[in-house]
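Going by numbering that gives the first Met the number 0, 144 is the number at position 145 of the sequence shown; the sequence numbering is gapless.
Worth flagging that the hints you see were computed from the coordinates, not collected in a lab. Computed from a predicted model, the values in this text were never measured in an experiment. Worth double-checking, as some hints may not be accurate.
[What the hints assert, rightly or not] In the BS3-like style, the derived pairs of lysine-lysine whose C-alpha atoms are separated by at most 30 Å in a straight line are:
no., residue 1, residue 2
1, K100, K70
2, K134, K67
3, K22, K134
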Amino acid sequence: MDSIEAPQVFSMPRIGDAAPKFKATTTQGEINFPEDYQGSWVILFSHPADFTPVCTTEFMSFAHLEDKFNKANCQLVGLSVDGLYSHIAWLRTIKEKIEFKGMKDLEVTFPLIEDIKMDVAKKYGMIQPNEDSTKAVRAVFVIDPKGIIRTIIYYPLSLGRNFDELYRVLIALQTADAFGVATPADWKPGDDVIVGPAGSCGTAKERMESEEMDCKDWFFCTKKLDKDLVLDTVLKD
0 MDSIEAPQVF SMPRIGDAAP KFKATTTQGE INFPEDYQGS WVILFSHPAD FTPVCTTEFM
60 SFAHLEDKFN KANCQLVGLS VDGLYSHIAW LRTIKEKIEF KGMKDLEVTF PLIEDIKMDV
120 AKKYGMIQPN EDSTKAVRAV FVIDPKGIIR TIIYYPLSLG RNFDELYRVL IALQTADAFG
180 VATPADWKPG DDVIVGPAGS CGTAKERMES EEMDCKDWFF CTKKLDKDLV LDTVLKD
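Based on the provided sequences and hints, a complete structural model is requested.
Pasting the structure below:
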């Protein structure tokens, strides 16, 4: 009796993990991920299927904002379980026929991964069987220049992503890294940032008396961080 090969099982990647490696065919040629993107931030995102309306609005939004993400040293990489020729036909249709919120004639120049066998989708936990066993959910992985996963966001099939929030996440992560701070709820460049809690009683006392910080209590201190300084640090010309 022939043995039945057990399906390969992957654990869900987590924040702080190295991004799972893969080689893939895309609409922009072969990629070796994440090695090809070392030194750059990456937003790797999945969508359920080509020729679907919500996905179409998302790809148009990403294409419209690609230059903005690139200036923040971030590359975009998309994925669905459709084939390469389907991808090409869909992206051509978007450029030639679709208008959304005043956006039209958009060329999608970032790579869209062919993943018919769902190999990459399974590595990244993009297939959620209780949502759909043959389509990827709307997953977002923000990966830093060292290939480390820094943020993971999942959306169901019916919910289109908020692109202002994806950009805000990218800038906030870079700001935290560059200045050694944390960012509070709804933070945007120019808002006050959070200074990490004091590690000793002496430090706590000094902080409460500091003119550079606004301390409501020993554990809750904020300070100003100039918007232009943030943007000059994280954005490229």
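Here is how each hint holds up against the structure:
no.	hint	in the structure
1	K100 / K70	23 Å, holds
2	K134 / K67	29 Å, holds
3	K22 / K134	20 Å, holds
No hint from the list above goes unmet by this structure.
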